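Participant: So you can see what is in the structure, the chains are spelled out below.
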Amino acid sequence: MDWETVIGIETHAQLSTASKIFSGAATQFGAAPNAQACAVDIALPGVLPVLNKGAVERAIRFGLAVGATVNRRSVFARKNYFYPDLPKGYQISQYELPIVTGGVIKIRTGNGEKTVRLTRAHLEEDAGKSLHEDFHGMSGIDLNRAGTPLLEIVTEPDMRSAEEAVAYAKELHRLVRWIGICDGNMQEGSFRCDANVSVRPKGSTVLGTRREIKNLNSFRFLQQAIEYEVRWQIETLQSGDSIQQATVLFDPDTGETRMMRTKEDAHDYRYFPDPDLLPLDVSAELLAQILQEQPELPQAKLERYQPDFGLSAYDADVLTQSRETAEYFEDMVNRLGSPEAKVCANWITGELAAALNRAGIDITQSPVSSEQLAWLIARIVDGTISSSAAKDVFQSLWQRKNVAVAALSAPPPSLRASIKVDNFVSTAREEVDNIIEQLGLKQISDAGALEKVIAEILAANPKSVEEFRAGKEKAFNALVGQAMKATRGKGNPARINEILKKKLAG
Amino acid sequence: MLNSTLKQLSALLTQKKLSSAELTQSCLDRVARLNPGLNAFLTVDADRSLAQARAADAQIAAGKAQPLTGIPVAHKDIFCAKGWRTTCGSKMLANFVSPYDAHVVEQLNAAGAVILGKTNMDEFAMGSSSETGFWGPVKNPWDRTRVAGGSSGGSAAAVAARIAPVAIGTDTGGSIRQPAAFSGICGLKPTYGVVSRYGMVAFASSLDQGGPMGKSAEDLALLLNVMAGFDARDSTSLERPAEDYARALEAPPAGDRARPLGGLRIGVPKEYFGEGLGSDVAAAVEAALAQFEKLGAKRIAISLPNTGLSVPAYYVIAPAEASSNLSRFDGVRYGYRAAEYGDLADMYAKSRAQGFGAEVKRRILIGTYVLSHGYYDAYYLKAQKIRRLIAQDFAEAYKQCDLIMGPTAPSVAFALGSMSSDPVQMYLNDIYTTAANLAGLPAMSIPCGFGEGGMPAGLQIAGNYFAEARMLGAAHQYQLATDWHLRQPAGTE
Numbered sequence: 001m002d003w004e005t006v007i008g009i010e011t012h013a014q015l016s017t018a019s020k021i022f023s024g025a026a027t028q029f030g031a032a033p034n035a036q037a038c039a040v041d042i043a044l045p046g047v048l049p050v051l052n053k054g055a056v057e058r059a060i061r062f063g064l065a066v067g068a069t070v071n072r073r074s075v076f077a078r079k080n081y082f083y084p085d086l087p088k089g090y091q092i093s094q095y096e097l098p099i100v101t102g103g104v105i106k107i108r109t110g111n112g113e114k115t116v117r118l119t120r121a122h123l124e125e126d127a128g129k130s131l132h133e134d135f136h137g138m139s140g141i142d143l144n145r146a147g148t149p150l151l152e153i154v155t156e157p158d159m160r161s162a163e164e165a166v167a168y169a170k171e172l173h174r175l176v177r178w179i180g181i182c183d184g185n186m187q188e189g190s191f192r193c194d195a196n197v198s199v200r201p202k203g204s205t206v207l208g209t210r211r212e213i214k215n216l217n218s219f220r221f222l223q224q225a226i227e228y229e230v231r232w233q234i235e236t237l238q239s240g241d242s243i244q245q246a247t248v249l250f251d252p253d254t255g256e257t258r259m260m261r262t263k264e265d266a267h268d269y270r271y272f273p274d275p276d277l278l279p280l281d282v283s284a285e286l287l288a289q290i291l292q293e294q295p296e297l298p299q300a301k302l303e304r305y306q307p308d309f310g311l312s313a314y315d316a317d318v319l320t321q322s323r324e325t326a327e328y329f330e331d332m333v334n335r336l337g338s339p340e341a342k343v344c345a346n347w348i349t350g351e352l353a354a355a356l357n358r359a360g361i362d363i364t365q366s367p368v369s370s371e372q373l374a375w376l377i378a379r380i381v382d383g384t385i386s387s388s389a390a391k392d393v394f395q396s397l398w399q400r401k402n403v404a405v406a407a408l409s410a411p412p413p414s415l416r417a418s419i420k421v422d423n424f425v426s427t428a429r430e431e432v433d434n435i436i437e438q439l440g441l442k443q444i445s446d447a448g449a450l451e452k453v454i455a456e457i458l459a460a461n462p463k464s465v466e467e468f469r470a471g472k473e474k475a476f477n478a479l480v481g482q483a484m485k486a487t488r489g490k491g492n493p494a495r496i497n498e499i500l501k502k503k504l505a506g
Numbered sequence: 001m002l003n004s005t006l007k008q009l010s011a012l013l014t015q016k017k018l019s020s021a022e023l024t025q026s027c028l029d030r031v032a033r034l035n036p037g038l039n040a041f042l043t044v045d046a047d048r049s050l051a052q053a054r055a056a057d058a059q060i061a062a063g064k065a066q067p068l069t070g071i072p073v074a075h076k077d078i079f080c081a082k083g084w085r086t087t088c089g090s091k092m093l094a095n096f097v098s099p100y101d102a103h104v105v106e107q108l109n110a111a112g113a114v115i116l117g118k119t120n121m122d123e124f125a126m127g128s129s130s131e132t133g134f135w136g137p138v139k140n141p142w143d144r145t146r147v148a149g150g151s152s153g154g155s156a157a158a159v160a161a162r163i164a165p166v167a168i169g170t171d172t173g174g175s176i177r178q179p180a181a182f183s184g185i186c187g188l189k190p191t192y193g194v195v196s197r198y199g200m201v202a203f204a205s206s207l208d209q210g211g212p213m214g215k216s217a218e219d220l221a222l223l224l225n226v227m228a229g230f231d232a233r234d235s236t237s238l239e240r241p242a243e244d245y246a247r248a249l250e251a252p253p254a255g256d257r258a259r260p261l262g263g264l265r266i267g268v269p270k271e272y273f274g275e276g277l278g279s280d281v282a283a284a285v286e287a288a289l290a291q292f293e294k295l296g297a298k299r300i301a302i303s304l305p306n307t308g309l310s311v312p313a314y315y316v317i318a319p320a321e322a323s324s325n326l327s328r329f330d331g332v333r334y335g336y337r338a339a340e341y342g343d344l345a346d347m348y349a350k351s352r353a354q355g356f357g358a359e360v361k362r363r364i365l366i367g368t369y370v371l372s373h374g375y376y377d378a379y380y381l382k383a384q385k386i387r388r389l390i391a392q393d394f395a396e397a398y399k400q401c402d403l404i405m406g407p408t409a410p411s412v413a414f415a416l417g418s419m420s421s422d423p424v425q426m427y428l429n430d431i432y433t434t435a436a437n438l439a440g441l442p443a444m445s446i447p448c449g450f451g452e453g454g455m456p457a458g459l460q461i462a463g464n465y466f467a468e469a470r471m472l473g474a475a476h477q478y479q480l481a482t483d484w485h486l487r488q489p490a491g492t493e
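Taken in sequence, the protein lines are chains A and G.
So that you can map any letter, position 49 of the first sequence is 49 in the working numbering, and since no number is skipped, the others follow by simple counting.
So that you can map any letter, position 240 of the second sequence is 240 in the working numbering, and since no number is skipped, the others follow by simple counting.
In case anyone wonders, no lab produced these hints; they're calculated from the structure.
Owing to the predicted nature of the structure, the values given are computational and were not obtained by experimental measurement.
A hint or two may mislead.
Just so you have them, the derived chain G footprint on chain A, three or more residues with Cβ under 8 Å [stated by the list, open to error]:
no., stretch
1, 33–46
2, 78–84
3, 88–100
Listed next, with one range per pair, are the computed distances between beta-carbon atoms [claimed, not checked]:
no., chain 1, residue 1, chain 2, residue 2, range
4, A, Ala35, G, Ala345, 28 to 34 Å
5, A, Glu285, G, Glu396, 32 to 38 Å
6, G, Ser303, A, Glu96, 33 to 39 Å
7, G, Gln400, A, Ala35, 56 to 62 Å
8, A, Phe82, G, Lys385, 27 to 33 Å
Ideal placement from N, C-alpha and C gives every residue a C-beta, glycine not left out.
Same shape as in the complex, but just chain A:
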């Protein structure tokens, strides 16, 4: 029998507010245990929650970014259960009326584009952390994370493979970082996924019984866990057994999922509206303001870059991996003009990406600014340096070598008309130019100097001249080679070609 996999994903994205969702305590990662847990977080008698507006704004930003309905009224509810790292004995979440309903995420896989529908996204608080080691048989409780704002984003069961699930998670990850609502740090738990997985005979329209894989905090684990789970479910069904609805955990060491609890021992959470918090009303003004502040989204940029800048689909995709990359690219294009967009893209996806990769840093930490890189390209375009020399300059810039600024001559007038010198502050220009100077990479473009060299070469190589005139194209290349050699590689090849052609024609 052929089987079809059905996957829905719930993601907990930690919202990037400085303080917690219902208290003023800091949310920074890595503090000493319980150093960031205030009276509200540890649920002293008599304390009350106060909603953090920043968390609400981020949830709205998300809703607008995925084309969802941002509900003008939503309600916080208490989810009641006992656990030592849940100080109040209930979690404040949203239940019947979430802040965001609907919306879509577009994904691309080897099979093309697909739209994943979102069910909802709601605000809630995170629990603390239980530590079971190093306490001599007891458990340690760290409440630093208790009350951290989360946006739980829930999809419809729209994905049909682990590949699609990973594509969805990556797209969502890119989006939440892009709109600045979550730092996306998966190792620190800022972005974690639960996958609801079921299988059914191909062609069936009835959903199979699902099992939920909890707390997957890397794309690789998401992929491995789903692949294992799908195999396990198919084998189970094929052997004649049935699937029991359950919550399971993925063990990265064995690559297997294991049962955590079944539906039978599921809690009755006794949700009810939290009487300590008023219904959350979102004003039209706030919606309009957030919509206005919303950055251009990755999907829009992706669709625009190809026609606007003549980029390949690959380039457009890489440049929109993060908002910072896109901004770096657009900053370069703004300085150099659209005609250089392709060169900019090549540098970012080539030399810069490789350097970032080697250093293990992201583009915001790049020692070479978009302005410097743009000016470097301007120096290629105006013939000051060759493309290969530019790579040496780039390495110098990267290592912050030879950037000391000396007073330098004004930029040459030979820049392409589309490049405005005014688009560059002098230090970026001077830093690049200084390196070119220091490394002696400046090309010889001066017509007089080159004409003199070429005249000498023509005189010294009559045989090549004759061969060329007889129709041997190869002879021309030999002459160019001679000229480059005579200029120690610094002759501007384009100019040399130009002058040679003119002389040979004359």
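Starting from the known structure of chain A, fit chain G onto it as the hints suggest.
Facilitator: Just chain G now, with coordinates in the frame of chain A:
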């Protein structure tokens, strides 16, 4: 001095005829003398109180006296006060010393008031008799074989016995008004949101409201002035211009001197005078209503048709919220933890079984049940619908009248232990008081005579949202014309 009003005490203090230290010491002496018989106080800390009193005296000396500067106030043991043991009447919090001040406590401290001590109460404010607390029942100063009412019974008894000039309490279903009625004093539950709940140990969040308790409407006004006010730490706190409730009392009456309440329309709901109301209380309330008419008010017969539903709705909503609010008392971070236990579930079960008393457990069970899957709609949701109907009843009524008056409780204070075995009978004691909490409306109780056994009876004066000043004004005029509020229990001289 025992029967002095706050104004008189404040005058003595500012004229340096009396120091706050002396006043506080004399109150502490009365605690020492009278509390063994009354069990009104759970915690006194003379050093702390006297330190506050001396600081108040310094303020007075510096000419910075406010109306409450140097006045000792008894605090129901539900308000967190920094450095004070705050037990809520429960073994669960027997050793809990609060590291912070409730908003109300902050306000009182800033006003220069002195914390006289923490008063006894029903455990976690769950009760109508102040008998359910871990440290035993409060005794009624009028008759020590009777209850003082609850849950703010300790505060009520402290004022009635003239131990404290004024006290603060909380009212979730009548917990200020009913003990005030039983103890022959005044108590007011403000409009929901007027007094911040921050630092008040939560019983039922949508119903809880702190309020003043004292001998007269005038004293309540002065105390409410300090207790009321917006607090950003309570999301249900209301941001509105400050009101001077005391000034409202001084305002020239609407009518002429002989009929100062001329034009005031008093609604008297027929449902409040039906079956279950004791004839003694009914007679006292009738006499009070006649007095109000004499003062110029007009009596209007009204109906609050859903009155009978308020107790059932209340005893669904309040336990539901309580079951969740009390989940934090789990033995993990603070409070009582069983000495011996097996695994985690056992630690929870034993700590809570041993730490909570029977009434608290009963309400947690009821609350857990009504919120459970499959029962939520039939109980919790239904109760919320009734709650809206009750609010509508009042909205209709206040189209016809300015205030609503009737009995605070169906009887005078009953004998200790007489209702403990019949929780439903006990709950029915809240028949006239719970509706105001469900609707979020203000209501108060003032003494209006005596009933069976020479026990005080209470008149309930309820108003529309933010009608506190009007209620206090009417009560004040009544108290200018009568002396029920000045009566002091025998044996407390």
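Participant: It remains to establish, for every hint, whether it holds in the given structure.
Facilitator: We went through each hint and held it up to the structure:
1. Residues of the stretch 33–46 of chain A with a Cβ under 8 Å from some Cβ of chain G number 6, which satisfies the need for three, so the listed coverage holds.
2. Coverage of a stretch by a chain is defined here by at least three residues with a beta carbon nearer than 8 Å to that chain's beta carbons; for the stretch 78–84 of chain A and chain G the count is 4, and the condition holds.
3. With 3 residues bearing a CB less than 8 Å from a CB of chain G, the stretch 88–100 of chain A meets the requirement of three and the coverage assertion stands.
4. A C-beta distance of roughly 30 Å is found between alanine 35/A and alanine 345/G, which places it inside the suggested range of 28 to 34 Å.
5. Between glutamate 285/A and glutamate 396/G the Cβ separation comes to about 35 Å, which falls inside the hinted range of 32 to 38 Å.
6. Between serine 303/G and glutamate 96/A the CB atoms are about 35 Å apart, so this pair conforms to the stated range of 33 to 39 Å.
7. The hinted window of 56 to 62 Å between glutamine 400/G and alanine 35/A holds, with their beta carbons roughly 59 Å apart.
8. Range check, phenylalanine 82/A to lysine 385/G: about 30 Å between beta-carbon atoms, so the 27 to 33 Å window is met.
Consistency with the previously given hints is maintained throughout, with no hint failing.
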